[in-house]
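**Q** Please build the complete structure, drawing on both the sequences and the hints.
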Amino acid sequence: MPKTARAVRSAPERLHLAADVLVLGGGPSAAWAAVAAAENGATVVLADKGYLGTSGATAPSNTGTWCVPPGDNRHAVVERRWQRTGELADQRWMLRCVDTAYRNLLQLSEWGYPFPSEDDGRLYIANLRGPDYMRFMRRRVLLAGVTVLDHHPALELLSDGDAIVGAAGVGRQVERDWRVDARAVVLATGGCAFRERILGSTGLTGDGYLMAAEAGASLSGMEFTGKYTLAPHGSSLNKGLPFRWASFHREDGSPILGPTGEPLRNGIGDREEEVARALIEGPVYARLDQAEPALQGWLRQGQPNCFVPYDRAGIDPFNDLFRITLRAEGTVRGTGGIDIVSDDCATGVPGLYAAGDAASREIMTGAVSGGGAVNSSWALASGWWAGKGASTHARRRGGKAFRSEVQPLGQAGLRPAASPRADVSAGEVIEAVRNEVTPLDKNFFRSDTGLEKSGERLETLWRDVRDHLQGEGLERIRTREAASIAAAGRWSIAAARYRNESRGMHRRTDLPGKNPAFAHRLVITGVDDFRIAGAPERLAELAS
Amino acid sequence: MIEIVSATRCVECDICVKVCPANVFDATGGVPVVARQEDCQTCFLCEIYCPTDALYVAEVAEGPTGISEAEVEARHLFGGYARALGWRRGKAGGSQFDPTHRIRVAQ
Ligand SMILES: Cc1cc2nc3c(=O)[nH]c(=O)nc-3n(C[C@H](O)[C@H](O)[C@H](O)COP(=O)(O)OP(=O)(O)OC[C@H]3O[C@@H](n4cnc5c(N)ncnc54)[C@H](O)[C@@H]3O)c2cc1C
Ligand code: SF4
Ligand code: SF4
Numbered sequence: 001m002p003k004t005a006r007a008v009r010s011a012p013e014r015l016h017l018a019a020d021v022l023v024l025g026g027g028p029s030a031a032w033a034a035v036a037a038a039e040n041g042a043t044v045v046l047a048d049k050g051y052l053g054t055s056g057a058t059a060p061s062n063t064g065t066w067c068v069p070p071g072d073n074r075h076a077v078v079e080r081r082w083q084r085t086g087e088l089a090d091q092r093w094m095l096r097c098v099d100t101a102y103r104n105l106l107q108l109s110e111w112g113y114p115f116p117s118e119d120d121g122r123l124y125i126a127n128l129r130g131p132d133y134m135r136f137m138r139r140r141v142l143l144a145g146v147t148v149l150d151h152h153p154a155l156e157l158l159s160d161g162d163a164i165v166g167a168a169g170v171g172r173q174v175e176r177d178w179r180v181d182a183r184a185v186v187l188a189t190g191g192c193a194f195r196e197r198i199l200g201s202t203g204l205t206g207d208g209y210l211m212a213a214e215a216g217a218s219l220s221g222m223e224f225t226g227k228y229t230l231a232p233h234g235s236s237l238n239k240g241l242p243f244r245w246a247s248f249h250r251e252d253g254s255p256i257l258g259p260t261g262e263p264l265r266n267g268i269g270d271r272e273e274e275v276a277r278a279l280i281e282g283p284v285y286a287r288l289d290q291a292e293p294a295l296q297g298w299l300r301q302g303q304p305n306c307f308v309p310y311d312r313a314g315i316d317p318f319n320d321l322f323r324i325t326l327r328a329e330g331t332v333r334g335t336g337g338i339d340i341v342s343d344d345c346a347t348g349v350p351g352l353y354a355a356g357d358a359a360s361r362e363i364m365t366g367a368v369s370g371g372g373a374v375n376s377s378w379a380l381a382s383g384w385w386a387g388k389g390a391s392t393h394a395r396r397r398g399g400k401a402f403r404s405e406v407q408p409l410g411q412a413g414l415r416p417a418a419s420p421r422a423d424v425s426a427g428e429v430i431e432a433v434r435n436e437v438t439p440l441d442k443n444f445f446r447s448d449t450g451l452e453k454s455g456e457r458l459e460t461l462w463r464d465v466r467d468h469l470q471g472e473g474l475e476r477i478r479t480r481e482a483a484s485i486a487a488a489g490r491w492s493i494a495a496a497r498y499r500n501e502s503r504g505m506h507r508r509t510d511l512p513g514k515n516p517a518f519a520h521r522l523v524i525t526g527v528d529d530f531r532i533a534g535a536p537e538r539l540a541e542l543a544s
Numbered sequence: 001m002i003e004i005v006s007a008t009r010c011v012e013c014d015i016c017v018k019v020c021p022a023n024v025f026d027a028t029g030g031v032p033v034v035a036r037q038e039d040c041q042t043c044f045l046c047e048i049y050c051p052t053d054a055l056y057v058a059e060v061a062e063g064p065t066g067i068s069e070a071e072v073e074a075r076h077l078f079g080g081y082a083r084a085l086g087w088r089r090g091k092a093g094g095s096q097f098d099p100t101h102r103i104r105v106a107q
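One line per chain: the protein sequences are A and B, in this order. Heads up, the final residue of the first sequence is numbered 544 in full-length UniProt numbering, and it's a clean run with no missing numbers. Heads up, the final residue of the second sequence is numbered 107 in full-length UniProt numbering, and it's a clean run with no missing numbers.
Take these hints with a grain of salt, some might be off.
[Stated by the list, open to error] Sample of chain A residues at the chain B side, in silico, Cβ under 7 Å:
no.: 1; residue: N127
no.: 2; residue: T202
no.: 3; residue: Q301
Just so you know, these hints were derived from the structure itself, not from any lab. Backbone N, C-alpha and C fix where the C-beta goes; we use that ideal spot for every residue, glycine too.
**A** Put into structure tokens, the structure is as follows:
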């Protein structure tokens, strides 16, 4: 029998549990962290804002992994991918990640996850269908003896002055506060999608970034929020793959041209730039007319959710022109997040670990998006390491009793610095941030003057949030989300302004081209008063 | 967005209330209600978990389309996404037939 968490005190108005490890989040990185910690002998509680199995960016999607089997070829594959990262990734981390992700993919097949087969009968383990994968992982987490709290968003971390010793939040369906005392906490709360209506985005408001920063952890790669993905206009389907085989047209029917002057026949990857330029000028239409009949069938069967919007709107996407949009993806398909300081995914704050999209993926994918392969392997691997790291830390702290003087760390959106004001509302704060970080002409294409203005607006907004935003009861979820979104937007714009060059998805119209002086990561520390510092090879030093 | 909970199809199991990651539904003791439609992330997952294909999520993510249950029924749209995946009566299935690897090769 696996060991389970224990109730400290049960009162109808409050849930209070104690465990070795508390995992916050309900996506793949949280699930793998919980399983790894439980396997390591820890008692584990997993608290998710949504429902473990459907929440997060993976569950509604169909994720390709970065699956590189062991062998001599591996170094070459990693080296090739590294060439595309704008020199910011770290090959040692990339190698570790493919190794652990590969082992966990094999583990999934041993557990009986129904992978498809290739023509020669071998299992194809490089793709994980979101709804099936996450439902399967829920079962593995429960089998491991983990106590799962669905619909229990965390609002803040708890500290004893030396280390993180748990978190507190609210059960939104039971309308009851919760607190979990833990010897280590894993933040697996995903990225920040800035409330864009994309798949999985509902809970992805960057809560983990704010919680980590309040505890003293740093962030990196926050300037890399310039990734957008094509979707049918008005839909949530930010999946680029079908647009690999599309043509693109303006309102008057004229084709959108690629860099060579030929009509664009592939709208993904670097070619999103031409589509973005056209979208700033006016509506854009597409047709998936470059897909052969066999491919049409595979697309329909393999990416069924991509076709739900067309089928329901009565569109034949292979023959009809339909309107498209580019959806902003914040740090979800961007790369920023909590800076990781050691191989076990520690954050530098004792007792606090980070995994998946909550962690910075700059070491894996640098200035380019890790969507489409790297991110899901990172979730598989970093979740595993963080779960092991947190449970090992918990064991080391084992003798120490929980101290009674536990301090809650939450500030903005929970405990305003001045008196609360009703005119500072979560909804308006989020809209104001969105106005700076989602428009194509501000954030896909950036400029110093534009960033300066955005920065000023977000500073003013942040002061209001910090001083006056507050909610009661369940409203605290919203005010805390708004504070997290405001913090993430502010960090992102500040880092983008600091990076005086163009690199990967950070496109500065005033400074096209890379500047070798910026061939390093930018690390942000602090919430209200934050500083940005270059981090040339800091990770490599720590690791050696 | 989520638009329809079909009272004729629903068996009042409250699975949708539990699994919706955006906490959109409220249990009522009978047929659940869409209490926070604005929060819906248009992920279609409630549809595939529903054992009786009683839910309909329209394709527009920004706001409701106003489609009627009669139209959804007439166009056989209830359960459409579950069928495409190979899920049945709220149970997972079909991932072993996913041909996505062929798409990646073509890419
Ligand atoms: C449409 C789409 C397609 C994608 N396709 C691919 C692909 O093909 N290949 C690839 O590599 N990557 C892909 N990605 C990226 C990949 O899905 C993510 O990298 C992955 O889901 C990250 O896993 P995670 O567990 O870290 O975060 P998520 O899966 O996003 O989960 C985050 C979890 O944190 C929870 N949470 C948030 N705040 C709190 C809080 N305060 N308290 C408690 N819980 C909280 C949320 O409810 C959620 O359960 C795609 C992303 C999208 C959006
Ligand atoms: S899951 Fe379906 S059957 Fe069950 S309560 Fe919801 S709508 Fe009704
Ligand atoms: S589509 Fe997704 S977010 Fe909307 S109600 Fe259904 S499960 Fe909830």
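**Q** For every hint, state whether the structure bears it out.
**A** Results for each hint:
no., hint, verdict
1, N127, "5 Å, holds"
2, T202, "4 Å, holds"
3, Q301, "5 Å, holds"
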